[in-house]
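Asks: Single-letter residue listing:
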Amino acid sequence: MAAITLADLAIRYGCELRGDPDLEVSCVGTLDSAESGAISFLANSAYRAKLTSVKATAVILAEEDADDCPVACLVTPNPYAAYAAVATELYPARKPKPGVHPSVVCDPGTSIPASAEVGPGVVLGSKVQLGERTYIGPNTVIGDNVSVGDDGWLAANVSIASGTRIGKRCLLHSGAVVGSDGFGIAQSDSGWIKVPQVGGVAIGDDFEMGANSTIDRGAIEDTCIGDDVKLDNMVQIAHNVIIGDHTAFAALAGVGGSAKIGARCMIGGQAGVLGHLEVCDDVFIHAHSLVTKGIREPGTYSSAWGVEEASKWRRLVGHFKRLEVIAEKIKAFQKTLKDIKK
Amino acid sequence: MAAITLADLAIRYGCELRGDPDLEVSCVGTLDSAESGAISFLANSAYRAKLTSVKATAVILAEEDADDCPVACLVTPNPYAAYAAVATELYPARKPKPGVHPSVVCDPGTSIPASAEVGPGVVLGSKVQLGERTYIGPNTVIGDNVSVGDDGWLAANVSIASGTRIGKRCLLHSGAVVGSDGFGIAQSDSGWIKVPQVGGVAIGDDFEMGANSTIDRGAIEDTCIGDDVKLDNMVQIAHNVIIGDHTAFAALAGVGGSAKIGARCMIGGQAGVLGHLEVCDDVFIHAHSLVTKGIREPGTYSSAWGVEEASKWRRLVGHFKRLEVIAEKIKAFQKTLKDIKK
Amino acid sequence: MAAITLADLAIRYGCELRGDPDLEVSCVGTLDSAESGAISFLANSAYRAKLTSVKATAVILAEEDADDCPVACLVTPNPYAAYAAVATELYPARKPKPGVHPSVVCDPGTSIPASAEVGPGVVLGSKVQLGERTYIGPNTVIGDNVSVGDDGWLAANVSIASGTRIGKRCLLHSGAVVGSDGFGIAQSDSGWIKVPQVGGVAIGDDFEMGANSTIDRGAIEDTCIGDDVKLDNMVQIAHNVIIGDHTAFAALAGVGGSAKIGARCMIGGQAGVLGHLEVCDDVFIHAHSLVTKGIREPGTYSSAWGVEEASKWRRLVGHFKRLEVIAEKIKAFQKTLKDIKK
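Just so you know, the sequences run in chain order A, B and C. Quick note, the first sequence lines up with residues 1 to 342 if you use our numbering. Quick note, the second sequence lines up with residues 1 to 342 if you use our numbering. Quick note, the third sequence lines up with residues 1 to 342 if you use our numbering.
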């Protein structure tokens, strides 16, 4: 790791520097553990007390916390974003080492750009279009007619089915599956009849997809993912879902078929959105919540229940299940009181 | 894609044709986007208004919607099933291209039928029995003593552990895992002791398994999946679960160990069934619901909470947590009113 | 399978033997299906009635059930743990067959111990340290600087990213992913900025990880998993989570970033723990529950809702959503009653 001066960082990332501009940092660290030579950050004033004992060479933080910082600091309105940029500079993403491993199986109808790295055991179908500087990790399988934009990165053991189109700078983690059949089955007297899933998947630029997440191909038209969409691990996107730009899903969240999620939404972990619903832009859904109706107003929504000690929870649920009785009693009271007051 | 006349479709799929029998269709489309030459469908009368502007050559629909259709139509009591059949005709599933890729690693104790296609990087254990016309996708791994029936299709990167038996016409999507150890651990003073999982997995015909779904092998006896069972993506079936014919699970649903689910059930996304429970035939469980007791009556069951605006939700939860107080107050009212009425 | 006498089992596993010490067993079976020659177990007295018709040669059970057992029995305070040990003896885990398949791709900077078995299609990065007698299943991919302790077992299609350290006797099932990037993204005016995930994953001894589960690498420091931790299938462990010894997670459970879970906890299926929370030792979380605040007291916690018949559930939810009105009415009653009593 190369060292970089605080002066350089302040200039490059538009921060106000408080402290010696010639100090150098070469790594990152948490407020608790960073040593001299490291840069840390404080993104949440609730942790301001940690500044007291900080040993980092510098801290990225907001104006309001700067006075409490005993070491050099880079002041910025958005410390977490500035930290992300600085950390990216100190820990640049590994670049592809151009070349195709001899074990790669590539359909003759596909040509691999010279700047790409294609790892051992990779299987590429026909008419696959890999962008410049793409990295395809070991044992990843890409079907026919798939395109991956420039600077894409597919980790090991990823599966991309035919007809998937992914924009530039994607990052797919291990076990991700894109383009598997949507869950389209029609009931008949003799059982289920499979509905052919003939749509594809179209994904914008700057897409990140967590480990073991899944995106199904469309039934007729495509499943559509906007730009700068971020999926954590084990997120399920069903067929014909449409997701707006900059929307993020935490782990184990799921979206039902043909739902339309707006831009800049954040969907919490284990949350669900039922199929065919429309959720507008700028909606935040708490973890473990379920969207059962369309949402037309930006805002924060929840149906999450936090745990209670189990015996207390059991009593509360018991009261809940007697709510009909409670409502009856209240009606009776109203009548009785009316009678009394007469 | 070959074109087919409406007359042919009507005859083959038992629909009543309204319109010119010589019209031809060669692809499918949604009511919104289908152009001339395409066939569409209307399975839910709620979308009937979309018929007004339809440009498809023909629409598959129910009797009650036929009068509103400005183009030719195929009338049938079950439009979605008829659509599935027509779409399967227009988009026939890709057939295996018989042959074994040279990179395949196959135990000498296994013989592969000449009609099967085994893709690059596949690893087959000993005594594997592949049915006629099976397709094994790239980098899929199949353990010892596994059988896959005729016309089975395993996509890329599937993992089937030893002792799994799957019937005819299965379709397993990428990342599916069958036969991993059940979660059997016994508590002891020195920590967990693993309970050997010596059962297998037995699956019927016409099984579909979504991407990254998992089915564990049995602890002693087999985990048993009936005929025509359909799993969406990331569905978890624990050890010794028994699932009846025609039952379907939406994404991220999970069933605990030794639970028994009846035939023709539908389990919603992110729903759970606790272990050792019995759920009878024809039960529908809403998304995000939890089955905590056996179910003996067919019907629809729910414990799903739909989201509210978060501050309202917080207030409601607050009231819920005061339900004990409310119950107390109601008791007190009853007493007071009794006293007053004396 | 070799047969073993009841006398031997009683001595080795510290059970009291009731019955003929020379009887031999060679396999396990359930109380319902075990035949002569098999050993069964009764770990839950609720199933005691099954003893009546048992055909097993012997049953492992607790003192309180022994008198009802018509066949030989091994009496022990913890029948399930004793069964686990006996079953492990009767069904010893398959041992690695030392050797490296010719298709393995191994960086020259990695040396594989002679006692290890490395299967077809495996890809090993540089400076990987494999312990003695490790088994690496087909098509598994291991990144740079990964260490796996002695007697580790990685099934097929596992993905381990660089910088992961796993202790002795681990067992990872197919599709497991360790060391994928944590979900670290910073909001900025131009969209998300990726926060480099430069920590690793450190896992203790005796770790089991279910199929398709995921553990993310740390953002700065490591994600840390203690000894004897057990994950079922599709469990999500986010970046910088810390998990204490002997803690177990059922399927589809998830833990948010930087949460700290104590020792000997049990987290139910589909349960969630929000990020940054601390859960103390010896906490049990019911299935489908959500931990939204830190837990400081050992005990059992729940926020699980069991299903009701759907129309009843809808009515109950309706009453719940009128709780504000109910609370208002109760206030009004109080006032009215006060007025009346004056």
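Some hints could be false.
Note that the list lumps identical chains together, so a pair holds whenever it fits in one copy or between two copies.
Straight-line Cα separation of at most 30 Å, DSSO-like style, residue types lysine-lysine; simulated pairs [stated by the list, open to error]: (1) Lys-55 to Lys-194; (2) Lys-312 to Lys-342; (3) Lys-50 to Lys-260; (4) Lys-293 to Lys-127; (5) Lys-341 to Lys-331; (6) Lys-97 to Lys-50; (7) Lys-341 to Lys-293; (8) Lys-342 to Lys-329; (9) Lys-55 to Lys-260; (10) Lys-194 to Lys-168; (11) Lys-168 to Lys-260; (12) Lys-312 to Lys-127; (13) Lys-127 to Lys-342; (14) Lys-127 to Lys-341; (15) Lys-95 to Lys-50; (16) Lys-168 to Lys-55.
Hint data in this document are derived by calculation from the structure and do not stem from the laboratory.
Asks: Each of the hints needs a verdict: does it hold here or not?
Replies: Tested hints:
1. Within a single copy, Lys-55 and Lys-194 get their C-alpha atoms only as close as 62 Å, which misses the 30 Å cut-off; across copies the closest is 25 Å, which meets it.
2. Within a single copy, Lys-312 and Lys-342 get their C-alpha atoms no closer than 41 Å, and across copies no closer than 36 Å, so neither meets the 30 Å cut-off.
3. In this assembly of identical chains, Lys-50 and Lys-260 lie within 30 Å of each other by CA distance solely across copies; the values are 18 Å between and 42 Å within a copy.
4. In this assembly of identical chains, the alpha carbons of Lys-293 and Lys-127 never lie at most 30 Å apart, being 41 Å within a copy and 51 Å across copies at closest.
5. When the C-alpha separation of Lys-341 and Lys-331 is checked against a cutoff of 30 Å, the pair qualifies both within a copy, at 15 Å, and between copies, at 17 Å.
6. In this assembly of identical chains, Lys-97 and Lys-50 lie within 30 Å of each other by CA distance neither inside one copy nor across copies; the values are 41 Å within and 52 Å between.
7. In this assembly of identical chains, Lys-341 and Lys-293 lie within 30 Å of each other by CA distance neither inside one copy nor across copies; the values are 43 Å within and 47 Å between.
8. In this assembly of identical chains, Lys-342 and Lys-329 lie within 30 Å of each other by CA distance both inside one copy and across copies; the values are 20 Å within and 19 Å between.
9. With identical chains, the CA atoms of Lys-55 and Lys-260 are at most 30 Å apart between copies only, with a shortest distance of 24 Å across copies and 47 Å within one.
10. For a Cα distance limit of 30 Å, the shortest separation of Lys-194 from Lys-168 across copies, 15 Å, qualifies, whereas the shortest one inside one copy, 34 Å, does not.
11. Taking CA atoms no more than 30 Å apart as the test, Lys-168 paired with Lys-260 passes inside one copy only; the shortest distance there is 23 Å, against 36 Å between copies.
12. For a Cα distance limit of 30 Å, the shortest separation of Lys-312 from Lys-127 qualifies neither inside one copy, at 61 Å, nor across copies, at 53 Å.
13. Neither within a single protomer nor between protomers do Lys-127 and Lys-342 lie at most 30 Å apart by alpha-carbon distance, with minima of 86 Å and 88 Å respectively.
14. In this assembly of identical chains, the alpha carbons of Lys-127 and Lys-341 never lie at most 30 Å apart, being 84 Å within a copy and 87 Å across copies at closest.
15. Taking the closest pair of Cα atoms, Lys-95 and Lys-50 never come within 30 Å of each other, the shortest separation being 35 Å inside a single copy and 50 Å across copies.
16. For the identical chains of this complex, Lys-168 and Lys-55 are neighbours neither inside a copy (39 Å) nor across copies (35 Å), given an alpha-carbon limit of 30 Å.
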